[in-house]
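Which chain is which? The protein sequence lines are A and B, in order.
The first sequence begins at 1 in the working numbering and counts up by one.
The second sequence begins at 1 in the working numbering and counts up by one.
FYI, nobody ran anything at the bench for these hints, they're computed from the structure.
Be aware that one or more of the hints could be misleading.
Intra- or inter-copy, both count: the list cannot distinguish identical chains.
For lysine to aspartate or glutamate, the following DMTMM-like pairs were computed, each having C-alpha atoms within a straight-line distance of at most 20 Å [claimed, not checked]: (1) K38 with D112; (2) K104 with E134; (3) K143 with E79; (4) K45 with E114; (5) K104 with E167.
Just so we're clear, the structure is a prediction, and the values are computed from it rather than from any experiment.
Number of protein chains: 2
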Amino acid sequence: LYLQNELIVHTSGSIHINVLETASTVYGVFYPLQTFSKNREVNFKDVTLCVEGCTPEVTAKLLSLASQLSGKVVELTSEKRMAIHVAAVFACNFTNFMYALSQKLLADQNLDFELIRPLILETAAKVQELMPVEAQTGPALRKDVITIKEHQDFLKNQPNLLRLYEELTKEIVNFYKPL
Amino acid sequence: LYLQNELIVHTSGSIHINVLETASTVYGVFYPLQTFSKNREVNFKDVTLCVEGCTPEVTAKLLSLASQLSGKVVELTSEKRMAIHVAAVFACNFTNFMYALSQKLLADQNLDFELIRPLILETAAKVQELMPVEAQTGPALRKDVITIKEHQDFLKNQPNLLRLYEELTKEIVNFYKPL
Chain A
1 LYLQNELIVH TSGSIHINVL ETASTVYGVF YPLQTFSKNR EVNFKDVTLC VEGCTPEVTA
61 KLLSLASQLS GKVVELTSEK RMAIHVAAVF ACNFTNFMYA LSQKLLADQN LDFELIRPLI
121 LETAAKVQEL MPVEAQTGPA LRKDVITIKE HQDFLKNQPN LLRLYEELTK EIVNFYKPL
Chain B
1 LYLQNELIVH TSGSIHINVL ETASTVYGVF YPLQTFSKNR EVNFKDVTLC VEGCTPEVTA
61 KLLSLASQLS GKVVELTSEK RMAIHVAAVF ACNFTNFMYA LSQKLLADQN LDFELIRPLI
121 LETAAKVQEL MPVEAQTGPA LRKDVITIKE HQDFLKNQPN LLRLYEELTK EIVNFYKPL
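Given only the sequences and the hints, what does the whole structure look like? Please build it.
Below you can see the structure in the form of structure tokens.
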């Protein structure tokens, strides 16, 4: 592929801008920081767009284009884009996996996932105002060893869930340990 | 404490109803399945209320009271309440910890947490319609080993984050492995 002077961009969070340097003299990155699934419409106005151009002129052009599509636009180097991509794996992919594990725990008891949906939404809504480090709640933060022990007993026949529970509980305790 | 015939309830997710049997002849559980923090108002109408009474009459009374406060009311035994409490640790406490780790990753690069807030909200909004097992996205689900390797390289100087990343990636791959 060689496009001479035509603008080409890639849309990946984790790929360096330089992969395009042999494809055109005018290249960049246009990365939408959002999770997309079939059967789910997303309002593009609320999607953070991370752009990077091979020159300040290309960056300006991409910023202008992005601003027409979204209210949240930011210029990021490839290095910072990698950081935000890793952060997104934690904040979105791993988070959804936590939801999936709760879905499984509820299904095992014939409990409707609908019961926990308001909690999931409030947990996300809360950090739209507060910072997550301040928003933490639960037995691990409180070092509530009695409740943690009951949860471990409850999970004793599900070794994968138990190991994750114990690992994450330990990490939360460490994270909030006074220095 | 002994209240004779006065109704007493506890509000805990993980404590059995029986702890109150010596406190009154009329006892139960009134557990709001929600996360509460200072500096954050919650609309009680959207809070799932899980109730349990020591007799069908007490349960009926608690269901009636709960229905005046919230649109989501459910009767749960102490055993099922424990299951939902563990599910809530995954869906709320561990989820918020994933947000906190993303906050740290962004702060390390002087990136504004505001950039990732729309992704967090959409991740939660998505599972208000879809089921989490269907909503999963990301490199672990795709078994995108190139991206996973880049993320591991990025995290190589943060052993705790790296270990969690690898553990959760492995669990997602296992969870979605065809039988």
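### Query
Can you give the numbers of the hints that this structure goes against, from lowest to highest?
1, 3
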